[in-house]
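Okay, here's what each chain looks like letter by letter:
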Amino acid sequence: MFADWPLLSLVIWTPIVGGVLVLLAGDRAPDGARRLALVVSLLTFLLSVPLWTEFDASTWRMQFEEFVPWVTTYNINYHLGVDGLSMPLILLTTFVTVLVVIAGWEVIQYRVAQYMAAFLIMEGIMVGVFAALDAMLFYIFFEAMLIPMYLVIGVWGGPRRVYASIKFFLYTFLGSVFMLVSLIWMYGQSGSFEILDLHKLPLGMTAQVLIFLSFLAAFAVKVPMWPVHTWLPDAHVEAPTGGSVILAAIMLKIGGYGFLRFSLPVTPDASAELTWLIVLMSLVAVVYIGFVALVQSDMKKLIAYSSIAHMGFVTLAFFIPFYILRNTGDTAGSTLAVQGGMVQMISHGFVSAALFLCVGVLYDRLHSREISTYGGVVNVMPVFAAFFVLFAMANTGLPGTSGFVGEFMVILASIKANFWIAFLAATTLIIGAAYTLWLVKRVVFGEVRSEKVAALDDLNGREFLILGLLALMVLAIGLWPAPLIHVMEVSIDHLIEHAMVSKL
Amino acid sequence: MSMQTVFLLIPLASLAGAVLAGLFGRWLGRAGAHTVTILGVAVSFVLSLLVAKAMFLDGMAPWNGPVYTWLVTEGIRFEVGFLIDNLTTLMMVVVTFVSLMVHIYTIGYMHDDPGYIRFFSYISLFTFSMLMLVMSNNFMQLFFGWEAVGLVSYLLIGFYYKRESAIYANMKAFLVNRVGDFGFVLGIGLVLAYAGSLDYAEVFAAAPSFADRSIEILPGEPWSVMTAIGILLFIGVMGKSAQVPLHVWLPDSMEGPTPISALIHAATMVTAGIFMVARMSPLYEYSETALAFIMVIGAITAFFMGLIGIVQNDIKRVIAYSTLSQLGYMTTALGASAYSVAIFHLMTHAFFKALLFLAAGSVIIAMHHEQDMRRMGGLKKYMPITYWTALVGSLALIGFPGFSGFFSKDSIIEAVHASTLPVSGFAWLMVLLGVFVTALYTFRMFFLVFHGEERMDEHTRSHLHESPWVVTLPLVLLAIPSVFAGLLIDPIVVGDFFRGVISVAPEHEAVRELAEEWHGVGAFVEHGLMGPAFWLAMAGLFTAWFVYMRRPALADACARRCNLVYRILVNKYGFDDFNQAVFANGAVMLGRFLWRAGDVFLIDRLLVNGAAAVTGWLAQVTRHLQTGYLYHYGFAMILGLIGLLGWYVIV
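Line by line, the protein sequences give chains A and B.
Read in order, the letters of the first sequence are residues 240 to 743 in the working numbering.
Read in order, the letters of the second sequence are residues 184 to 834 in the working numbering.
Because the hints were derived from the structure by calculation, they are not lab data.
For clarity, every value in this text was computed on a predicted model and none was experimentally measured.
Possibly wrong hints are sitting among the right ones.
[Claimed, not checked] With a straight-line Cα cutoff of 25 Å, these simulated PhoX-like cross-link-like pairs (lysine-lysine) come out:
hint, chain 1, residue 1, chain 2, residue 2
1, B, K345, A, K680
2, A, K691, B, K345
3, A, K680, A, K439
4, A, K691, A, K680
If we strip away everything but chain A, and leave its shape as in the complex, we get:
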């Protein structure tokens, strides 16, 4: 029945239009704004479900395509479509947004309508990023995304929100300007902004390296990769819970997605040539950032650093295939690596969202993010503690949770490339467990630390619902990742086949 529906447009524009309506309805009736936002986000989620159920996993070709000429002078088109790489990320976006709307229900009392509207509009834009098949359209969504997030941090953020939001904006904006230059240059070469045309565009090595570096500037900041990561802890610390959730669960993934959609297929030779750089940056992220996470005293900062370390696995996974090809002469293990990176992205979407929501639960009660404020939370909030330990374990990559799947696949694949890469990547088993469990020990376990902690209430129904849904997802992917792997497999195979052929 969905065959002739413009599903992607619906998933993009429903929340944007809905967001504008919420904005227009205003704050006179905050409850109305909340309910309308919930209805819109649920509707968007429902509209995105057929993308999964009607998806044809046997082809790498774009599906649910929509094509409308837009700026004909420059051959810019409103061209949408998804494959196995983007479709799961769109579902992640629509799912997490519903949770964010529910999470902000009582907590946000200041400018409710604008808060909800910002998240709905952001949702539409992020789906647009994943669905865009026109590079210009991609770029516009990519940049537009910054505005609502900038506002979310700047308006509903903590005390240093101005510094954090400006840092966030400038960092990410600076990165993407270079990408724009590259896109325009390639338009000059090919006369097209079609991403799939850019994939086929023959490019010399110098051009590829320059383009690769410009993409790297855009995506490395987004991921974020070491050493351009320092905006993330600040942004997370100052952002309201919902902002942190969207930031960690979805926005970071756009960087990873960018590498797969642009860097690898557009500049395969430069990617192969500069793989050492990406692998180096990724391993530094895993090891260096892991140690940095260990010494944080602010819960949100700790989880932010943990996110950087986990995203290091993603970028590592995406570039490992070039090493595998170089060292073994064939591509066996490459699909495993890239799939591992993709699963890691999806899993991190759930786990980091859950951890930030857990911190939010505590912050809403005591208005402190300092680890030292807490201690012995399990005595008064046993249900919360159970969830927190579960998500912490997922964060350490415990088998049976989603966190394990990606890490396991990436380590298995990288050992084919080089034993020492796998060795350094696998240190996350120890370092990741160290910072996560130490956090758990200091926050959850122990004697009740203070009277304030003693007075804490356990989860309410709303919080239980959100964390419960995330727990189900984390366990489902951990126990049976096959369906997720299945929808991505052909697209990833095709991507690797393409990226392993020289354009020179």
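Following the hints, put chain B in place on chain A, whose structure we already have.
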């Protein structure tokens, strides 16, 4: 009911109990929670017995098949599946039996604990995880079970979560195990890279094809792939089965309630590593280097950890160090390619060590949670059942002829003696001296607790009484196999019980010699009575009696006289202090340095804010150019014009 259904039901019955008690415990109540979990484990146990009957008596063929496909990629299938053969079945019976005993015992031991329901849920979850581990037919599921038992162990060591020492111990246990798992996962990675599969059967079939290949882990130093795989996997074993130097978590794990010390930290989980190496015998047989490494580590653990047991005063810690030492024995046997002997000792040890721990728990209940042996003594007359069962356990532990431990330990010593590895001489010496040490610490504990002067306070003394039947019944039920399980030496070690399961290369046939000299149980006992091991054990027993019963002052005098040795032992060779100073504090210091010097100073202050400052400074400077005076601009234009014209003229 088909056999596949039975296999599936065995772990799922325990899981169902755990889930019901864990999620709905509030509504089930205490009795409801212990009923569903005990029922679940009982079903697992009975069905395991059913499988055992089919396998051992009716000669059912081994079963190897998938349950469901976890994921498929590049044609590699990652599956959840079962391999049911004699080794698996033996483990299933041991695990579910000890677990059932511990479940029943817990009713009595945890009677007054507010975490009663939670505890039952955890131990059932543990049983499920352990069953998944031993029933697995592939490395992925093995790793799942491996980490899952680690998780439950973490939760149970930290069961008394208000206690700082408990939540320190559980984190330490998890992290040390993660160090092992780090090696383990790399080992699995190499297996996949070379065998192209994670399925046991496929890997074993492919093993000959990559046995001769080498890998350059360090440039210019080629290693046999099998050695690399063997040692990496064994690093995992060193974590889980607490071998030196990754043993440090096990003594601290005694922070957990006693029933789980018996179940997890003595009888089952810590033996997972032993089971794993036996399971991987088709791989290990290709690498003498790996086997020698295993043997040395095992022998060191067996002797030196036993020594620490002599100076401990906490009753549970004595047994914990004893467990370390016994695990060392099993590991040494593995190194000698005597896999069947290791598994045999694993089984007898599971019975008598669980018995000893539970007996210690019974004593601890009677003593109102006092664990210091210096405040016990003379408990024999108050707790007859505990006394006699503890005596059975102790005799089995020291390998007294006729008891189960005698058969398994003597087999180990014989096998190590017969081994041809270059390090086997050293290992043999260690395990032999270990026998004296074992008898000494075991009977030191036994005499201090049950005999001699009653050193407890009056209040405690007046309340001393035997534990309730839910506690003593498991003791008696465990005492029976602690005596008689040794008779199974006939099929398990000298028979062909493990044919087709464990493979031993012809040049490593240490066990073969044992089998060739086999003339029945009676002759074996008789032979044992002549051997050095028996006399060493008797010497240890006698020393314990003499020092702690006849001349109680002698122990203190010894400690004073050999102060250095005593201090080294009390400090546990300094492993804990070293780890704390170097690894724990070192990691925090490194993290702090990287954060302050890297993130805060270099990146944020110099580069990010520096860039902003430079931009601001540039703006300041360029602002001076825009003065607003017309003659400044006019002058600049003239200068520019001259410059351009000059350039034009010159060029």
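Hint by hint, here is what the structure shows:
1. B/K345 / A/K680: Within the cut-off at roughly 10 Å; holds.
2. A/K691 / B/K345: Roughly 17 Å separates the two Cα atoms, so the pair holds.
3. A/K680 / A/K439: It is violated: about 53 Å lies between the C-alpha atoms, which goes past 25 Å.
4. A/K691 / A/K680: holds, 18 Å
Going through the hint list in order, the structure does not satisfy hint 3, though it satisfies all others.
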